[in-house]
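Chemist: When you get a sec, could you build the whole thing from the sequences and use the hints?
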Amino acid sequence: MLSPHRWNAATHTYEAVPGFALPSTAREMPPDDMLWIDLMDPTPEEESRVFEQFLPVHALTLGDITKPRREPEQGAHLPKVEEFADYLFIVVNPLPPGLADPKATGGRRIRLRDRPQLSAVLTRHVLVTHHYTAMDCVAAVSGYVARHGECAKRGPDYVFHLILDAVVDEYAPVVERVADRLDKLETRVFRNPSPEELARLLRLKRLVSGLRKTLILEREVLSRLTRGEFQLVDDREIAYYRNVYDHLVRYTELIESAREMVSDLMESHLAAASNRLNQVMKLLTMISTVILPMTLIAGVYGMNFEESAAPGYHTDWGFGFALGLMTVVGLVAYGLFRWRRWL
Amino acid sequence: MLSPHRWNAATHTYEAVPGFALPSTAREMPPDDMLWIDLMDPTPEEESRVFEQFLPVHALTLGDITKPRREPEQGAHLPKVEEFADYLFIVVNPLPPGLADPKATGGRRIRLRDRPQLSAVLTRHVLVTHHYTAMDCVAAVSGYVARHGECAKRGPDYVFHLILDAVVDEYAPVVERVADRLDKLETRVFRNPSPEELARLLRLKRLVSGLRKTLILEREVLSRLTRGEFQLVDDREIAYYRNVYDHLVRYTELIESAREMVSDLMESHLAAASNRLNQVMKLLTMISTVILPMTLIAGVYGMNFEESAAPGYHTDWGFGFALGLMTVVGLVAYGLFRWRRWL
Amino acid sequence: MLSPHRWNAATHTYEAVPGFALPSTAREMPPDDMLWIDLMDPTPEEESRVFEQFLPVHALTLGDITKPRREPEQGAHLPKVEEFADYLFIVVNPLPPGLADPKATGGRRIRLRDRPQLSAVLTRHVLVTHHYTAMDCVAAVSGYVARHGECAKRGPDYVFHLILDAVVDEYAPVVERVADRLDKLETRVFRNPSPEELARLLRLKRLVSGLRKTLILEREVLSRLTRGEFQLVDDREIAYYRNVYDHLVRYTELIESAREMVSDLMESHLAAASNRLNQVMKLLTMISTVILPMTLIAGVYGMNFEESAAPGYHTDWGFGFALGLMTVVGLVAYGLFRWRRWL
Amino acid sequence: MLSPHRWNAATHTYEAVPGFALPSTAREMPPDDMLWIDLMDPTPEEESRVFEQFLPVHALTLGDITKPRREPEQGAHLPKVEEFADYLFIVVNPLPPGLADPKATGGRRIRLRDRPQLSAVLTRHVLVTHHYTAMDCVAAVSGYVARHGECAKRGPDYVFHLILDAVVDEYAPVVERVADRLDKLETRVFRNPSPEELARLLRLKRLVSGLRKTLILEREVLSRLTRGEFQLVDDREIAYYRNVYDHLVRYTELIESAREMVSDLMESHLAAASNRLNQVMKLLTMISTVILPMTLIAGVYGMNFEESAAPGYHTDWGFGFALGLMTVVGLVAYGLFRWRRWL
Amino acid sequence: MLSPHRWNAATHTYEAVPGFALPSTAREMPPDDMLWIDLMDPTPEEESRVFEQFLPVHALTLGDITKPRREPEQGAHLPKVEEFADYLFIVVNPLPPGLADPKATGGRRIRLRDRPQLSAVLTRHVLVTHHYTAMDCVAAVSGYVARHGECAKRGPDYVFHLILDAVVDEYAPVVERVADRLDKLETRVFRNPSPEELARLLRLKRLVSGLRKTLILEREVLSRLTRGEFQLVDDREIAYYRNVYDHLVRYTELIESAREMVSDLMESHLAAASNRLNQVMKLLTMISTVILPMTLIAGVYGMNFEESAAPGYHTDWGFGFALGLMTVVGLVAYGLFRWRRWL
Ligand SMILES: [Mg+2]
Ligand SMILES: [Mg+2]
Ligand SMILES: [Mg+2]
Ligand SMILES: [Mg+2]
Ligand SMILES: [Mg+2]
Ligand SMILES: [Mg+2]
Ligand SMILES: [Mg+2]
Ligand SMILES: [Mg+2]
Ligand SMILES: [Mg+2]
Ligand SMILES: [Mg+2]
Ligand SMILES: [Mg+2]
Ligand SMILES: [Mg+2]
Ligand SMILES: [Mg+2]
Ligand SMILES: [Mg+2]
Ligand SMILES: [Mg+2]
Ligand SMILES: [Mg+2]
Ligand SMILES: [Mg+2]
Ligand SMILES: [Mg+2]
Ligand SMILES: [Mg+2]
Ligand SMILES: [Mg+2]
Ligand SMILES: [Mg+2]
Ligand SMILES: [Mg+2]
Ligand SMILES: [Mg+2]
Ligand SMILES: [Mg+2]
Ligand SMILES: [Mg+2]
Ligand SMILES: [Mg+2]
Ligand SMILES: [Mg+2]
Ligand SMILES: [Mg+2]
Ligand SMILES: [Mg+2]
Ligand SMILES: [Mg+2]
Ligand SMILES: [Mg+2]
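Protein sequence lines correspond, in order, to chains A, B, C, D and E.
First residue of the first sequence: 1, per my numbering; consecutive thereafter.
First residue of the second sequence: 344, per my numbering; consecutive thereafter.
First residue of the third sequence: 687, per my numbering; consecutive thereafter.
First residue of the fourth sequence: 1030, per my numbering; consecutive thereafter.
First residue of the fifth sequence: 1373, per my numbering; consecutive thereafter.
These are computed hints drawn from the structure, not numbers from a lab.
Built from N, CA and C at the ideal position, the CB exists for glycine as well.
Accuracy of the hints is not assured; some may be wrong.
As the list claims (entries may be wrong) - Here's a subset of chain D near chain B, in silico, CB distances under 8 Å, partners left out:
{"hint": "1", "residue": "His1298"}
{"hint": "2", "residue": "Arg1305"}
{"hint": "3", "residue": "Ala1327"}
Modeler: Here's what the structure looks like:
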């Protein structure tokens, strides 16, 4: 679906442009206008119309843009920014929708390949965004710009920063959810260090590692956009990119903390399990050290002799004596081990 | 609450300025005066009066300053320094009050979100500090400058360095407390490697990690202020910023040592627990290897035969002989295992 | 085998050149022609014909090229790019064929020495590729250029990028296979943490480490080719090298994830094994704590006295009473330990 | 104590200067003379005489110099070098005396706060050294210069390098002692992996970590002095600073090796302890699997029946048969487990 | 022993120079000649003759060269390259002879101090090499240059590269041996995770760590020689130094792999030992859970009552019944635990 919108400097309006009303090439656009073309799951024909006719890009750029369609099993292109003679090409990987909602993803594992790809081409007057799945971040910005048309006047660099901001804001609930799960897992790991908890930790670690990798790559992209390296990003917009960069730094810090925490919990799991074992073994040892000597005494009194010399054998207090002896031995064993702090 | 104080170069005095006596904009200030406006938990109107009228700042700067009010669940903005055309914007995260006092925080977990935000805007003649909670570091410097008015003459850069110095000095008791707890935990971990100690170590590790992160970010801020990168920081004040930087380096070193120590203790906990297990198992093994053979002998003598051939069955020394045999077997088992150093 | 192909600018054709029709030196070539000489397992005479007569290279370059023949036990030269006055010398290590096919390699361990060496010498008009084993990546590009002769017109730098692209594409199935094996091993490690699984993990880790090292070295080579450091790589071809570089980055990310995963699984293996032990020990403890006291009671009733005072000795409900007592003691022991959550 | 010595260029002598004979300020000194003032545990008045009158330094420099006196619980300032308009300020942390002598320190823990502070101020013609405790490194150099007066002619930079050299040389016996203790601990860890050995390793690790940190900071100081960054260090003296730097590098390498070794030993301790456990458990298992079946047979023969059908009950070979059966069962159990290599 | 050889440009010969025929200083040498003086375990007088008279070097250079003689317990100076006004000073640490031969070193531990020191001083026309032990690398190059005199014509930089090449080539058999031992240890660790294997791993790790450190320092030296930083190394020789650098990189890669492998094996050792424990404990548990209930039944039948109500007491099938009951209980226990997969 190809949905172009245009800021008309003459009429001071921002309006949808019917597809057929596009100038045949971007060069024919009036110098003060701004055009945003959003390609949502476009047909190859629409891609060709935009990237080969209207705004011709390098074959490799087109290859990167259409990668998810051409190599669906390989997943999104990793985040990058690349400068060409007449345009800036940026790829980011927004979070897959539903990631923040525990119900929605269940135990489903997050992989690099699950992340959608958002490609963007910026020139002085044109912004093209391209993606094969519906994206909240694009939809939200699209609505915002429709309501505040004058921000389109600031150019593609300003509008694109709004999209990046929305992409980055989507980390907030996910990071929140990760923190919540960590809190729950921490309690569980100490109370019941089972293999199920370990598997949960491992799954969480993989999610956190995946988030961290995208964050690092996107921070690199933002860092370059912020450095004033690209002419197509106006100096006065750099503060806005820096603002987005700040948010990325914050989420990176939080994810790094989560990562450290998962590692600590994995180690604690091992320690807690070994502690459980200690407890169980102490119990076994206590039972054994108390009962075994008592059993020995019973065995001794169970020996057969023609004429037993066992103390009390011929008396009627013999049975009681033997029981008492057992009790004393049991208590002494128990007391001794408590006193030596072995148990 | 908006509390402006002014160094009047004409009268050589440093005095409180009633709110309504502020010039309408900072540009109207006499060239040799210096003004410090402290905004403690200000109303949005006061924020607007200062940051939109008196000293207009970039919308993003205002956004960063008011972040704790607008996004309370997100916590403070991370430390940073940002240069704009006509002002320098600095954010630091002083320690949450009461952190150094074991009673005050109890087992309460320290999170990034618990750290308050102190924002500052510096121009050639004006210093604005902004925070939503009362801060000892600001109050102390405020009192000091009131008593030594002439240091205000040195300008906002000098006064702000005093605040940073106070912020950094607050690490001292916290670092001290961490060292104390580590000393206690070290003894405990070896004496009683319980899961409670492990949980305490984990909590301490998180505190130390959190401190380390803020320290690193604030060191980066100080490092940039020290490098002579910003015109608004006079060359002659750089030695003062470097002094604060030195203190940060010291605390970072101490926190790094603490971090290493916590990790070592977590590893030692595991080793100490496994050692406990060894001790318990040796005990069990010793009991078993001594008692089981004795019980076997008792069992042998407990066997029923019409005519038993057990040694001593028909004699009156039989019982004593059996007991003696048991004792010998027990002692031999014990001795053998001591001799082979298996126990 | 020496197979030269030539782009004839005059006839606009790309055709095989019979060996004897080569100009005696590269300097005699027409300025717009392009020549690709592929040396597949050449004889020393062919190597001398090309690298000493036709296109004389430094003795050290020839030494590096012929290393696999001269020092077969040492394996391939590591990837590098080296600029000489009149040519560019590049070495890469394509993956050994069959690596992606589980059947083909079986449990065979991958070593640095198993990787073949592909050497290339580039001048303005000549590309020489050299390798001692047949390589799919070279064969594929050779066929492609034969079908699309005009790409030879773009020069050795463009043609060589096609080869690098093919070399890098060979990582895809290997990375895929590694991911598959990791998925399988993850399930197994939790279900049955045996030493066989550990050995498998160790083998996989070595494969992943080996891949990672080659990837890092080849990324360095690509990074230098991309940076515009070498005159012999035209500016307009740099985007193509960057494209290959992007793919390398992707595989590096995937391999890094795999590496992290293997390490996590090795740690999980240990935890799962210790968990198994816990389970077994709990069982032993349960049996012991239930049976031992019952045995003690049986032992008590087995004691011999002239006149036993054991409860029920003289009655006919005595046997039943003793059995009941045992049952009660067993159940109480079991219940107690369940209630205290020791088991 | 203030002890100034002066190289008199006129008389070619190096002699003690009585305190009152000092010029009132350093500026009044003859251009070819050189003065070394050593302040050993000076009074505040002496400090003021030197650093405020004779050679006025920045208030912050004085603050850093007197830190151990003003904040005794905080310990020495960390090593640093700082350039001011007319002097160079250097702080190093010599090793606490007695560290290399096992007897002297016993189990005493080395902390950052135990390290003394040596401060130095260098100008073109004056060297001031300042410390609150007696230091062998200063005393030794002081004696050497007194004997070889002409080296004072080379200026404060040469003399100060002698002190740094002495400071660095003090690492040799400490590093030697660490290596010795590691050798002993290695043997012990494998022979007897007790918690005491673990605690010793932990203590050694902390010593090594502390040494490493000072070494790194001092290496940074030396590296800057070597780089030719400071005018006050003559080019011809740089080789001497580089020589000291080489020694620091050597000790850093040795300490890094020790650190790695301690970590390996901590890991080996865990493994050795777990191995001990294995040995003990095998013993227990062997005893149990041999004795328990034998006891069962004894129990079987101990059963009471009106008319027992136990093999041999009515015979006189019954007892011997039962014993033989037990022996066979015991041997079979033992043999089976050896054959299956379970034990 | 002082053995000078000279390339005589006039006679085009390379011949030994009797000691007394040396020019008194290097400055008097004919401009096209080249002189290589090899000092093998020289007397202090020979050192003085060469480094104080013939080719005077800085006192610190002489100090570094004679370090192994002056401080024998401290070992060799670490590898470095240092440029002086009129000469280049290089130190490398060849491998101690016999390191690659398992027989020769036995279990002897390799320490930094065991590595010999090879010092070299290069000027435009003179190469001095200095070492206190015989070195294969020097001897081999000496013989080669004697046979191919014309390579001496290329100057000290070319000849010295030959020595470095020989030094680096000595790593090959050592790296090979390390790989072999790792292969053996891998098998052993899984088959028999004993403390002896752990100690062997630890020893191997120390060897690998030591090799790695020298490799890193020597790579730094080679890297600087390759960078064209030193005038005394001709541009046309840089490719030769780069060739040596390539070999160093290769050995570093191999040693890094070995290091990783040793670490993995140490971790695997722990896991394999814990696995052994699991096996043993399962056995113990199986024996206990099968035998203990059987013993209980025997105990029950061993109880004494005036009139036993035990099933079958009065019959002649009682004994058989009891045995059958035991067998059933044992089989049920065994079956139950197999069915629940607890064992
Ligand atoms: Mg945002
Ligand atoms: Mg991932
Ligand atoms: Mg960048
Ligand atoms: Mg910013
Ligand atoms: Mg912001
Ligand atoms: Mg933020
Ligand atoms: Mg302070
Ligand atoms: Mg944190
Ligand atoms: Mg910075
Ligand atoms: Mg200071
Ligand atoms: Mg090579
Ligand atoms: Mg490709
Ligand atoms: Mg490898
Ligand atoms: Mg590079
Ligand atoms: Mg691409
Ligand atoms: Mg690309
Ligand atoms: Mg890609
Ligand atoms: Mg680990
Ligand atoms: Mg300080
Ligand atoms: Mg020295
Ligand atoms: Mg320390
Ligand atoms: Mg420094
Ligand atoms: Mg240096
Ligand atoms: Mg030296
Ligand atoms: Mg030295
Ligand atoms: Mg570890
Ligand atoms: Mg070589
Ligand atoms: Mg070493
Ligand atoms: Mg260097
Ligand atoms: Mg190279
Ligand atoms: Mg080579």
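Chemist: Take the hints in turn and mark each one as holding or not.
Modeler: Hint check:
1. His1298: 6 Å, holds
2. Arg1305: 6 Å, holds
3. Ala1327: Holds. Min distance 3 Å.
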